[in-house]
Amino acid sequence: MKKIFVSFLIFAAAATQAQQFINTGTIEYEVRVNNHRMFGDGFFAEMFKDRMPNFSTTYYKLTFNDNKTVYKFDRLNEKDKMPWGTNNAEENIWYNDFNANTRTNQKFVFDQTYLLADSLMKMDWKLVPNETREIAGFVCRKAQTKIFDSVYVFAFYTDEITVSGGPMGIHGLPGMILGVTIPRMFSSWIATKLQVTGVNTNIIAPPTKGKKKPAMELQQQVEKVSKNWGTWGKQSVWNIFL
Amino acid sequence: MSTRKLLFCLSLCFIVTASFSQTQTLRGTLKDTSENRALANTVISVLTKKDSILVKFTRADKGGNFKIDGLRPGSYILLITHPYMGDYFDNVEIKDNTPLDLGNVHLTPKSKLLAEVIVKSGSPIKIKGDTLVYTADSFKVRPGANVEELLRRLPGITVDKSGQITAMGERVTKVLVDGEEFFGSDPGIATKNLRADAVQEVQVFDKKSDQAAFTGIDDGVRDKTINLKMKKLAGYFGKFELGGGLKDKYDNSAMANFFRNKRKLAGYGIMSNTGQTNLDWQDAQNYGGGPDNMVTGMNDDGGMFISISSGDDNYSGGRNGIPRNWNAGAHFSDKFHNGKHSFNSGYKYSKVISPGVTTTFSETFLPNQSPWSSNSRSENYTSTNKHAANMTIEFNLDSNNSLKWTSRFNNNSNLSRINYSSEMLDENEEFINNSTRRSITNSDKNNVTSNLLWRHKFKKLSRTLSISTDFNWSRSKSNGLLYSLNNYYTDGVLDHRDTTDQQNINDNINNTINSRISYTEPLMKDFYMELTYGFTYTNNKSERLTNIKSINGKYEEMVDSLSNFFVFNRTQNTPGINFRINKKKHNITFGSAVDFNQFEKKDLTDGLITNYNFVNFIPRANYTYKFKTSESLRIGYNGSTNAPTLEQLQPTRVNTDPLNVYIGNPNLRQSFRHNISGGYNSYNVLKEKNLFTNLSFSFTDNAFVQSSTIDSNGKRTYQTVNADGNYYISLYTNYGFRIKFLAARIGLGPTFNLNRTVEFINGFKSLNRTKSYGLQIYANTYKPEQYNLYLSSNLSWNDTKSSVNTNASADYWSIGLSAGGSKTIAKKIDIGSDFSVQLRQKDPRFPQNNSYTIWNGSVTKRFFKENQFELKLQVNDILKQNRGYNRNFSSYSFTETYYTTLTRFWLLTATWNISKNGKPAKMF
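Protein chains in written order, with the working numbering: chain A, 204 to 445; chain B, 173 to 1096.
Please keep in mind that the hints were generated in silico from the structure rather than gathered at the bench. Please read all numbers here as calculations on a predicted model, not as lab measurements. Some clues are possibly wrong.
[Stated by the list, open to error] In silico DSS-like cross-links for lysine-lysine, where the CA-CA straight-line distance does not exceed 27 Å:
{"id": "1", "chain 1": "A", "residue 1": "Lys264", "chain 2": "A", "residue 2": "Lys437"}
{"id": "2", "chain 1": "A", "residue 1": "Lys437", "chain 2": "B", "residue 2": "Lys364"}
{"id": "3", "chain 1": "A", "residue 1": "Lys252", "chain 2": "B", "residue 2": "Lys756"}
{"id": "4", "chain 1": "B", "residue 1": "Lys756", "chain 2": "A", "residue 2": "Lys264"}
{"id": "5", "chain 1": "A", "residue 1": "Lys414", "chain 2": "B", "residue 2": "Lys756"}
{"id": "6", "chain 1": "A", "residue 1": "Lys252", "chain 2": "B", "residue 2": "Lys1037"}
{"id": "7", "chain 1": "A", "residue 1": "Lys329", "chain 2": "B", "residue 2": "Lys632"}
{"id": "8", "chain 1": "A", "residue 1": "Lys430", "chain 2": "B", "residue 2": "Lys228"}
{"id": "9", "chain 1": "A", "residue 1": "Lys284", "chain 2": "B", "residue 2": "Lys800"}
{"id": "10", "chain 1": "B", "residue 1": "Lys228", "chain 2": "A", "residue 2": "Lys415"}
{"id": "11", "chain 1": "B", "residue 1": "Lys221", "chain 2": "A", "residue 2": "Lys325"}
{"id": "12", "chain 1": "A", "residue 1": "Lys416", "chain 2": "B", "residue 2": "Lys859"}
{"id": "13", "chain 1": "A", "residue 1": "Lys430", "chain 2": "B", "residue 2": "Lys1094"}
{"id": "14", "chain 1": "A", "residue 1": "Lys430", "chain 2": "B", "residue 2": "Lys523"}
{"id": "15", "chain 1": "A", "residue 1": "Lys325", "chain 2": "B", "residue 2": "Lys228"}
{"id": "16", "chain 1": "A", "residue 1": "Lys349", "chain 2": "B", "residue 2": "Lys912"}
{"id": "17", "chain 1": "B", "residue 1": "Lys221", "chain 2": "A", "residue 2": "Lys275"}
{"id": "18", "chain 1": "A", "residue 1": "Lys252", "chain 2": "B", "residue 2": "Lys632"}
{"id": "19", "chain 1": "A", "residue 1": "Lys282", "chain 2": "B", "residue 2": "Lys756"}
Between the sequences and the hints, there should be enough to build the whole structure, so can you do that?
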């Protein structure tokens, strides 16, 4: 009897609030990278620019429920894919638990899959609440922060989604981040779709594959070997550990 | 517990309690002004007042209640947002020891707010759909001012203390630079970081949202946008080097690059007699339009490659004399239509004069004959003038079509004077023959090449077509005088002599048309088929005149036997098919091309026409297994048929060297070369470890080998014949790793080469086998701006044997070692030094010491903040041991060669780097 009453309450609450606030769903992000800019202006880049597309597009899916998210590669756009390099993007899984303030990432780093557990990245956001932008039908507010000491991140979040997550390890705003641009990575992540019904929330679980290692230890290792790679070195650190 | 410890604990407790007492709670309840509803899930954010940093946030519960803990005392902004409610801003002050309860907070629905805004919006200035343009230079700002200061001067635009920009009463949400976002869309970043004097125009307009621009679907959102149109980026960079050393060494160069946006005009000049015969790789990129001898491309599985062939301008360490050279070049390039179309052109001139002396000593062992020795000395003087011009135009018509047109023109004129003398001695040191030869030759070569390439991508993914057509015209003319005197001896007594005194005039014209079509069809996922068809037509006219002196002492009497006029035509059709499978773990390619060749040789002097037809097969197969991204195993087979050249079948008679005469072999058949190779490569990035291995085995059926007949006078007649039994094996390994405590990278690897060739000497079949076992070791370590050290060595054991005569066999070890480094010893002072050591085991048959050490050293002092000025003192070959030396073993002889080369010199060089708004580009 009690059970029925509780579910009735939930139903009533849902009836009044469902259209406003979302706490379960799947967001598709369109990730665009400006290859020409990323390769820089060196001779090497100039030689190969005409052989690669200016922009490459990939799609990632963020599934969220119960204040936990999982972010995974979905597909790439065959038309503008880079002609070289094996795509190991499907090896990467980001799992964030905002209740416990922890993350578990499965990352393919150079030639091995690692399982990296850590607390969530600390991000100090500066809000620009007057500036808004509509993304995937949601009015999003702007916020900005710095990661890896010097890399500016511009994010647009909506408070209509109650999970404080976002693509990859980006989080910490009063709502879901639907748009991110990181100029120094020449990349943008913009939500194109939100699915709220029929979401398979079973996939929201920490990844288990890979060699266990503290995230910081691996980051220091990668920073050390990539120290002399110039700007590419930094790019690869950001790409791996964001 | 000591008192100190106790104090410490106490103070710790104090800090802890103090920090506890310093945080406070903020609470309240949200209400809807119109319906007084509770507002569950509304976001309540607390920002710092100073810089809007988000400190804490929460969502209201079902009753609209919220509570935020852990706030330190201070001034905050409370921001309450709800999708359907207007934003609520309030200043809140958190005080020590008092929780703040805001009580009921009323939010207003957006619909209501909007109505109010509409009422208010009778604002006076509004520009819709138009762009307002300010010319930046007409508004004065102080030197060095940023864009923000400039904006403050512009009427209609205001910038408040926090950097917020308002234009025509509306907040500017975007500042673009030349139409592109500058480090994201935050307006402040661009306006604070860009200098006002770099701006040409400030444009104010309403921009569609990015998403709309991206997707082409207008979402109705308009952002007030400022676009900063920058002044055309113009500038220059360059380098002037002035180097001199006693007695007569100089090395001077000047190079500059002027640019304006994508337009580039560069030029350089070099004069040197220290072996700097051309621009180095980096300078060629920046000042010369790129090195000529470099090809970049992409292979089937998407890997990029850069191949650099050794250019003909390289004298590699002063070989063949000590060159004096003058070079100059200019390069112009520009891009149009957002970089879609490009134009590139360049011109280069070089003059190289290189006098030198080459001497050789050799021993010859013929089967069933006593050995003999021969010595020669050649004094050369060559002067080369080269002009080269090139032009490339590229059109990227649309995303599926591109056209590229490349044209080149080369002119090469050459003067060469040779004084040559040689002697051949038997084992009793008595003459077999001796000869002297003098020649002067003037030659002139012109070459024009033009290529048109069209690439098309079809709508279907990976379906592509490319058509390339080449046209080539070249003409080479030469006019030379040859005088030679050859004496032949029998038992040390002069038997006979012959003299040649003639003029040789050659004229050779070549026309080639070549076309290649390539079509790629994706058969299924990751499976591709490539169809190719190549067609080549070559027409070659070759005229040769040999004149001897007539009675009047002029070279006017034609020698019929040495004069001829030939026309060669060659038609080549090459269809091919190739399959390619690219899977994540497997890469497979296989296919073949067939090459149908028709040769026609017309002798216009006697009207004789000869035809040859050959069909060549070029099969190949390759398999790569990828264990990981950086670990792979590869195995492959390549086969190729080789057809004999016309020169091998039916050579034109030449008498320039009467001691070595080449004759044709009309019975020569095609040869077929098989190559099987495999390798394992792995690289561990994090551990910085690598293992590269490659094993290759080739053998040739019906290989082209040499058959020589040497008569008792030492005169050699040789031709090309077919034989089986040529093979080649090579093994390469390289294992590299990092040694932590030395911070150095070390690598080593054994190598092995075996080369077996067949040769015929005076009817005897000789099997020649050269083996070499090697070990390569290298190490390097560096710290940016401090030091840099490297060492590389190559140890090898060489073994040469020939079945025809074991006297010519040799086995010896040799060590090549080079080491060097540089170190910053004081502020802006670098020292550098390098060694190169060549050690060869002595051979009793070669009396001279042929081990030597080259030691170079330099001191560099850099001046000024940006190191614009540099002084360098260098001494090359401090020990004066450098010598041009070569050792060669063949089946029945061995030879050592000495040639003039650069030895010790010192040079003081002043370098001055200039730049404005730009810098020379680097590799990455």
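Going through the hints against the structure:
1. Lys264(A) <-> Lys437(A): holds, 26 Å
2. Lys437(A) <-> Lys364(B): holds, 25 Å
3. Lys252(A) <-> Lys756(B): Holds, because 25 Å separates the two Cα atoms, which is no more than 27 Å.
4. Lys756(B) <-> Lys264(A): OK: Lys756(B) and Lys264(A) at ~23 Å, within 27 Å.
5. Lys414(A) <-> Lys756(B): holds, 21 Å
6. Lys252(A) <-> Lys1037(B): violated, 34 Å
7. Lys329(A) <-> Lys632(B): Cα-Cα ~46 Å, so violated.
8. Lys430(A) <-> Lys228(B): violated, 36 Å
9. Lys284(A) <-> Lys800(B): holds, 21 Å
10. Lys228(B) <-> Lys415(A): violated, 33 Å
11. Lys221(B) <-> Lys325(A): The hint holds at about 21 Å.
12. Lys416(A) <-> Lys859(B): Given pair Lys416(A), Lys859(B) holds - Cα atoms ~15 Å apart, limit 27 Å.
13. Lys430(A) <-> Lys1094(B): Holds. Lys430(A) to Lys1094(B) sits at ~17 Å (cutoff 27 Å).
14. Lys430(A) <-> Lys523(B): Given pair Lys430(A), Lys523(B) is violated - Cα atoms ~44 Å apart, limit 27 Å.
15. Lys325(A) <-> Lys228(B): holds, 13 Å
16. Lys349(A) <-> Lys912(B): Cα-Cα ~33 Å, so violated.
17. Lys221(B) <-> Lys275(A): violated, 37 Å
18. Lys252(A) <-> Lys632(B): holds, 23 Å
19. Lys282(A) <-> Lys756(B): This hinted pair holds, its Cα atoms lying about 18 Å apart.
The structure fails to meet hints 6, 7, 8, 10, 14, 16 and 17 from the earlier list, while all remaining hints are met.
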